[in-house]
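Residue numbers (numbering that gives the first Met the number 0), protein chains in the order written: chain S, 0 to 526; chain X, 0 to 305; chain G, 0 to 324.
There's no promise every hint is true.
Below, a list of computed lysine to aspartate or glutamate pairs in the EDC-like style, where the Cα atoms sit at most 20 Å apart [as the list claims (entries may be wrong)]:
id: 1; chain 1: G; residue 1: Lys-128; chain 2: X; residue 2: Asp-297
id: 2; chain 1: S; residue 1: Lys-86; chain 2: S; residue 2: Asp-135
id: 3; chain 1: S; residue 1: Lys-25; chain 2: G; residue 2: Glu-51
id: 4; chain 1: S; residue 1: Lys-281; chain 2: X; residue 2: Asp-60
id: 5; chain 1: S; residue 1: Lys-132; chain 2: S; residue 2: Glu-89
id: 6; chain 1: S; residue 1: Lys-525; chain 2: S; residue 2: Asp-306
id: 7; chain 1: X; residue 1: Lys-31; chain 2: G; residue 2: Asp-182
id: 8; chain 1: S; residue 1: Lys-128; chain 2: S; residue 2: Glu-198
id: 9; chain 1: S; residue 1: Lys-132; chain 2: S; residue 2: Glu-109
id: 10; chain 1: S; residue 1: Lys-128; chain 2: S; residue 2: Asp-102
id: 11; chain 1: S; residue 1: Lys-86; chain 2: S; residue 2: Glu-76
id: 12; chain 1: S; residue 1: Lys-525; chain 2: S; residue 2: Glu-248
id: 13; chain 1: S; residue 1: Lys-505; chain 2: G; residue 2: Asp-74
id: 14; chain 1: G; residue 1: Lys-87; chain 2: S; residue 2: Glu-170
id: 15; chain 1: X; residue 1: Lys-194; chain 2: G; residue 2: Asp-217
id: 16; chain 1: S; residue 1: Lys-474; chain 2: S; residue 2: Glu-326
id: 17; chain 1: S; residue 1: Lys-281; chain 2: S; residue 2: Asp-356
id: 18; chain 1: G; residue 1: Lys-239; chain 2: X; residue 2: Glu-195
id: 19; chain 1: S; residue 1: Lys-126; chain 2: G; residue 2: Asp-167
id: 20; chain 1: G; residue 1: Lys-87; chain 2: S; residue 2: Asp-171
id: 21; chain 1: S; residue 1: Lys-509; chain 2: S; residue 2: Asp-62
id: 22; chain 1: S; residue 1: Lys-506; chain 2: G; residue 2: Glu-156
id: 23; chain 1: S; residue 1: Lys-25; chain 2: G; residue 2: Asp-182
id: 24; chain 1: S; residue 1: Lys-132; chain 2: S; residue 2: Asp-102
id: 25; chain 1: G; residue 1: Lys-128; chain 2: X; residue 2: Glu-26
id: 26; chain 1: G; residue 1: Lys-128; chain 2: X; residue 2: Glu-29
id: 27; chain 1: G; residue 1: Lys-220; chain 2: X; residue 2: Glu-195
Calculated Cβ distances over 10 Å to all of chain S for the following chain G residues [as the list claims (entries may be wrong)]:
id: 28; residue: Leu-13
id: 29; residue: Met-67
id: 30; residue: Phe-117
id: 31; residue: Gly-169
id: 32; residue: Val-235
id: 33; residue: Ile-266
Hints in this document: simulated from the structure, not taken from any laboratory. C-beta: ideal position from N, C-alpha, C; glycine also.
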Amino acid sequence: MKKTTKVLAAAASVMALSLTAASAEKLTIGLASEPTSLDPHFHNLGPNNAMSRHIFDRLINQDELQRLMPGLAVSWEPIDDLTWEFKLREGVTFHDGTPFNADDVVCTVERAPDVPNSPASFGTYLKGKTAVKIDDYTVHFITEEPYPLMGNDISTVPIISDETGCGASTEDFNAGTAAVGTGPFKFVSYTPGASILVERNDDYWGDAPVWSEVEFRPLTSGPTRVAALLAGDVDMIAGVPTTDIGTLEGNSDIQLSQGVSNRVIYLHMDQFRENSPFVTAKDGSEIKNPLMDVRVRKAISMAINRDAIVDRVMEGVAIPAGQLLPEGFFGVSDKLDVVAYDPDGAKALLEEAGYGDGFAMTIHGPNDRYINDARIAEAVAQMLTRIGIQTAVETMPRSVYFGRASRGSPDGLPEFSFILVGWGAGSGEASSPLKSLIHTHNADAGFGASNRGRHSDPEVDAVIEEALRTVDDAKRQDLLAQATEMAMENVAIIPTHFQVNTWAAKKGLKYNARTDEYTLAIGVVKE
Amino acid sequence: MTDVTTEAPAAVAPVRVETPFQRFASEFFESKIATLALFTLIAIIVLAVLAPWITPQNPYDLAQVDVMDGRLPPGEEAFAGYTMWLGSDGAGRDLFSAILYGLRISLSVGVTSGIIALAIGMAVGLLAAYTGGRTEAVIMRVVDLQLSFPATLVALMLVAILGKGIENIILALVVAQWAYYARTVRGTALVERRKEYVEAAACLGLSNMRIIFRHILPNCLAPLIVVGTVQTASAISLEATLSFLGVGLPQTEPSLGVLIANGFEYMLSGRYWISVFPGLALLFTVVSINLVGDQLRDVLNPRLKK
Amino acid sequence: MTVFIIRRLMQAVLVVFLMSVIVFFGVNVIGNPVDMLVSPDADQADIQATIERLGLDRPILEQYWLFMKGALQGDLGNSFIFGEPALKLILQHMPATMELALTSLVLAVLFGIPLGLFAGLYPENPISKGIMATSILGFSLPTFWVGLMLIILFAVELGLLPSTGRGDLGTFLGMQSSLFTLDGLSHLFLPALNLALLNISLVIRLTRAGVREAMGQDYVKFARAKGLSTNRIIFVHVMKNILIPVVTVLGLEFGSLIAFSVVTETIFAWPGMGKLLIDAILQLDRPVVVAYLMIIVLFFVVINLVVDILYSVLDPRVRLQDHGQ
Chain S
0 MKKTTKVLAA
10 AASVMALSLT
20 AASAEKLTIG
30 LASEPTSLDP
40 HFHNLGPNNA
50 MSRHIFDRLI
60 NQDELQRLMP
70 GLAVSWEPID
80 DLTWEFKLRE
90 GVTFHDGTPF
100 NADDVVCTVE
110 RAPDVPNSPA
120 SFGTYLKGKT
130 AVKIDDYTVH
140 FITEEPYPLM
150 GNDISTVPII
160 SDETGCGAST
170 EDFNAGTAAV
180 GTGPFKFVSY
190 TPGASILVER
200 NDDYWGDAPV
210 WSEVEFRPLT
220 SGPTRVAALL
230 AGDVDMIAGV
240 PTTDIGTLEG
250 NSDIQLSQGV
260 SNRVIYLHMD
270 QFRENSPFVT
280 AKDGSEIKNP
290 LMDVRVRKAI
300 SMAINRDAIV
310 DRVMEGVAIP
320 AGQLLPEGFF
330 GVSDKLDVVA
340 YDPDGAKALL
350 EEAGYGDGFA
360 MTIHGPNDRY
370 INDARIAEAV
380 AQMLTRIGIQ
390 TAVETMPRSV
400 YFGRASRGSP
410 DGLPEFSFIL
420 VGWGAGSGEA
430 SSPLKSLIHT
440 HNADAGFGAS
450 NRGRHSDPEV
460 DAVIEEALRT
470 VDDAKRQDLL
480 AQATEMAMEN
490 VAIIPTHFQV
500 NTWAAKKGLK
510 YNARTDEYTL
520 AIGVVKE
Chain X
0 MTDVTTEAPA
10 AVAPVRVETP
20 FQRFASEFFE
30 SKIATLALFT
40 LIAIIVLAVL
50 APWITPQNPY
60 DLAQVDVMDG
70 RLPPGEEAFA
80 GYTMWLGSDG
90 AGRDLFSAIL
100 YGLRISLSVG
110 VTSGIIALAI
120 GMAVGLLAAY
130 TGGRTEAVIM
140 RVVDLQLSFP
150 ATLVALMLVA
160 ILGKGIENII
170 LALVVAQWAY
180 YARTVRGTAL
190 VERRKEYVEA
200 AACLGLSNMR
210 IIFRHILPNC
220 LAPLIVVGTV
230 QTASAISLEA
240 TLSFLGVGLP
250 QTEPSLGVLI
260 ANGFEYMLSG
270 RYWISVFPGL
280 ALLFTVVSIN
290 LVGDQLRDVL
300 NPRLKK
Chain G
0 MTVFIIRRLM
10 QAVLVVFLMS
20 VIVFFGVNVI
30 GNPVDMLVSP
40 DADQADIQAT
50 IERLGLDRPI
60 LEQYWLFMKG
70 ALQGDLGNSF
80 IFGEPALKLI
90 LQHMPATMEL
100 ALTSLVLAVL
110 FGIPLGLFAG
120 LYPENPISKG
130 IMATSILGFS
140 LPTFWVGLML
150 IILFAVELGL
160 LPSTGRGDLG
170 TFLGMQSSLF
180 TLDGLSHLFL
190 PALNLALLNI
200 SLVIRLTRAG
210 VREAMGQDYV
220 KFARAKGLST
230 NRIIFVHVMK
240 NILIPVVTVL
250 GLEFGSLIAF
260 SVVTETIFAW
270 PGMGKLLIDA
280 ILQLDRPVVV
290 AYLMIIVLFF
300 VVINLVVDIL
310 YSVLDPRVRL
320 QDHGQ
């Protein structure tokens with residue numbers, strides 16, 4: 000099998016790049032994490048969403064930079080404060096030959112939020128929205144309040160078929176009988192833990208894929224993944240470990256693709272407890288929570304040498320962060336710079352806040368969630384220890400970590416005092432982190448769901464809420480930027496860096512890196 | 000086991016009349032490999048014990064570890080001025096210092112958990128073999144239950160409930176290992192118990208205790224030492240594996256196992272020293288423990304005596 | 000004999016029940032999987048809805064009661080992560096692990112017994128010393144380290160064997176396995192060797208110890224005095240003596256090979272149930288963890304039963320009994 004791919008690849012390079020629909024070429028991709036299901040609505044999770052993009056389409060697509068592009072809808076616009084009109088693409092058929100129309104959209108919107116046993120449902124994006132069929136190719140989405148993020152939300156939901164998909168169970172999708180979409184690839188086979196095989200949809204409405212067949216293989220251990228690529232068992236891998244980037248760069252048989260992601264790694268600080276459980280005086284006695292003091296937070300931010308983290312821990316593959324999303328994203332402020340490394344200034348600020356002798360605390364973080372997460376926590380602890388904040392490090396598997404970080408204390412509140420976390424903005428714009436991380440925790444309104452430091456500032460709350468009501472793009476951009484500036488001024492959280500993702504492929508292949516970290520076969524091109 | 004080995008060199012002095020201990024020592028030193036292994040092991044233990052006084056860096060003091068020193072190749076000079084003869088790891092720890100400190104932890108974890116597990120397993124195994132009946136049935140079902148419980152799950156649960164820490168890892172390793180000893184002791188003791196000499200001893204009216212400790216136990220010793228050395232060695236490896244799975248010892252106070260697990264990520268990166276040196280340290284330690292254990296078994300086993 | 004087996008099987012049921020209790024409550028103590036499962040975009044109401052959908056809002060005793068009710072009807076619950084029945088998932092992954100464990104057991108016996116026999120019969124021979132020294136390497140290095148080394152050496156550097164995965168499956172007597180195709184076997188070799196290394200060393204050492212012990216025993220001396228051929232002494236009398244510890248340990252190891260193939264399966268991306276288990280543990284997929292361990296315990300009890308029966312066959316001095324008679 001290995002040999003045939005090699006022969007085919009060699010033949011292909013001889014034939015040059017005549018990408019006719021008849022060319023038969025197989026691509027094998029090593030994935031860093033495995034999708035948990037082929038039911039596109041079962042689990043709203045990165046690997047699942049990436050996989051479902053092969054078989055299913057969305058009304059609106061997100062391109063490599065998460066900009067919205069027409070998908071199964073050719074246009075979408077608000078026709079009044081509470082109604083968005085979607086015009087659907089005509090002449091599209093599902094893999095089983097049935098035509099795509101408004102019925103499929105309506106039934107998708109009904110099924111997606113309500114899949115039995117779903118551990119993470121699409122209800123997050125669909126609640127408060129009703130889909131109404133106007134004619135076969137027009138659908139209205141009706142909301143209860145003005146809702147500017149309609150396009151972003153709808154771009155996450157895969158459209159399934161009214162005939163085969165909407166009545167089907169998750170098991171039917173995994174077995175393949177219901178895995179019938181309009182996407183660029185058709186389902187062939189699914190062996191959990193081993194492989195997912197798809198073949199080209201020759202009737203695809205968009206650009207036909209180069210690859211006649213694509214096999215996805217989950218290779219969850221980093222070094223193993225790299226070894227599989229080097230051994231020629233796979234053509235491309237996702238999630239290249241930062242430690243191996245150096246050697247792969249020097250390998251003439253390998254081609255790397257890199258792109259910044261929408262994920263910021265940041266520190267969250269307990270700003271709601273008078274006595275924080277993991278902050279003490281250096282002798283272990285209880286002290287008043289110093290993290291309530293904005294000067295202390297600022298000092299911590301100044302004590303962190305972000306260039307050192309990027310250069311030494313991330314091996315140069317990350318971007319120092321001064322706000323919630325990297326530049327180029329919607330809602331980013333152009334006035335914010337990365338906080339400069341200034342240990343002396345930090346010490347002076349601590350002195351001014353009355354903590355000249357420092358204090359002791361523990362940084363908690365996951366050790367299997369973000370790129371090099373445990374090492375980043377350790378580097379941060381080293382840096383804080385140098386300005387007199389004696390910092391211990393405790394890292395744990397994400398299964399233990401997130402539960403405790405969100406609600407681990409006896410009264411159901413966040414357990415830790417000082418934590419390392421990451422946030423990927425799935426919507427690709429700044430309202431996502433602002434709403435969840437910065438806004439005051441408010442369960443009824445659904446704000447601050449991941450505000451584990453419980454930072455609370457009514458002024459910034461007001462700006463965020465206004466932005467979420469503002470349909471005008473330019474105005475909303477300004478409001479989001481303004482909210483970000485206010486949050487950074489008050490050091491609500493301390494961003495350290497933006498993750499950069501790396502893909503590696505054998506020579507002659509190139510991956511168009513995506514900010515949403517997805518690995519898509521359509522993004523693999525030949526050079 | 001450690002007691003015996005550390006006292007052994009004292010017995011080299013030439014004495015005419017041999018005490019049993021001297022006879023044991025002279026038999027032990029007949030094998031050159033075992034002698035070499037014993038001295039390697041002693042050297043490793045001495046180095047580990049003296050680590051705080053002979054290393055240039057305290058790798059557990061975050062104020063002394065600088066991420067800017069990270070991944071330096073062997074022989075480079077650290078920011079603080081000393082030379083890192085074995086290079087540094089990703090966090091900027093001097094590998095020479097880190098390995099010695101890590102040895103301290105790994106050895107104490109491996110040996111402590113081994114001794115506790117051995118004691119528990121031996122007691123339980125003998126009890127089962129000697130009493131038989133209902134007691135045996137219950138004990139052996141508990142052993143079955145225990146053996147089917149993956150160590151990783153035990154460790155993960157303990158970490159979740161108690162938090163990371165050396166005691167919890169030792170606890171997890173004891174829980175993971177005692178059943179092996181119990182099962183081995185019972186298997187051998189079952190056979191021994193029915194041999195003529197035991198039946199003879201019982202006929203003579205010797206007490207159960209005496210029969211167990213004077214007759215059955217010495218004969219279980221050979222397989223126990225085989226299992227014991229293998230288990231101590233694998234306890235050290237298992238600790239590394241737990242670290243590899245993310246539930247081992249704390250990142251900032253790395254044991255040898257944590258260093259190796261960290262080095263795993265660097266195996267393809269061309270920075271060989273981060274994975275090779277801790278690996279070699281582990282290899283030397285475990286191999287010498289086993290060689291010493293092998294020789295001990297040969298010397299101690301009454302039936303192999305010439 | 001029959002009474003003995005029935006009694007042991009009844010005990011097994013009790014053990015499986017106890018296991019389910021321990022694991023069910025144990026996994027529950029570790030934490031709530033929901034915070035890790037939900038999408039980061041989910042708000043508090045979504046999180047609450049998910050908790051209710053998975054039934055995690057009920058009191059733990061009620062959850063256990065529901066689980067038990069299902070279990071008695073053969074339903075061990077649906078995986079939180081995969082949404083499929085836990086039992087189905089495990090059975091789906093079982094063949095891959097079985098063929099891996101069996102192959103490595105065969106490798107252990109194939110390499111271990113002859114080498115151990117040689118080392119035991121000629122203890123002073125330099126080759127024997129070499130065998131013993133090398134066998135120590137087998138359990139000195141952590142499995143994950145050796146596994147990746149094997150991949151680097153045989154797949155990346157030499158290009159002889161595939162690096163990861165299970166390869167093509169063949170069908171024989173209605174069973175699907177990679178044992179039945181050449182491609183499958185080539186995929187199987189490295190992970191099986193990786194898993195077997197520890198056991199090869201173990202078997203070598205046990206065999207050698209047994210041989211050396213037996214050779215000094217009266218019955219062997221007697222047999223020798225009677226003029227029996229060396230071959231007959233070794234293969235009939237000595238073998239019997241060494242097989243007891245070897246069978247015990249291998250019996251134990253077969254179970255642990257299955258239970259602990261976690262690391263090898265992770266390194267070699269082998270789609271077995273060890274990998275399923277570690278993923279389930281890391282994601283707190285309680286139904287899968289509980290079902291997996293219940294099955295493993297059952298499996299283990301059966302293996303132990305077989306080992307005990309083999310004991311009595313190999314050594315008539317051991318009588319089958321678990322009750323004072």
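Which hints from the list above does the structure break, by number from lowest to highest? Per hint list: 3, 6, 7, 8, 13, 19 and 33 violated.
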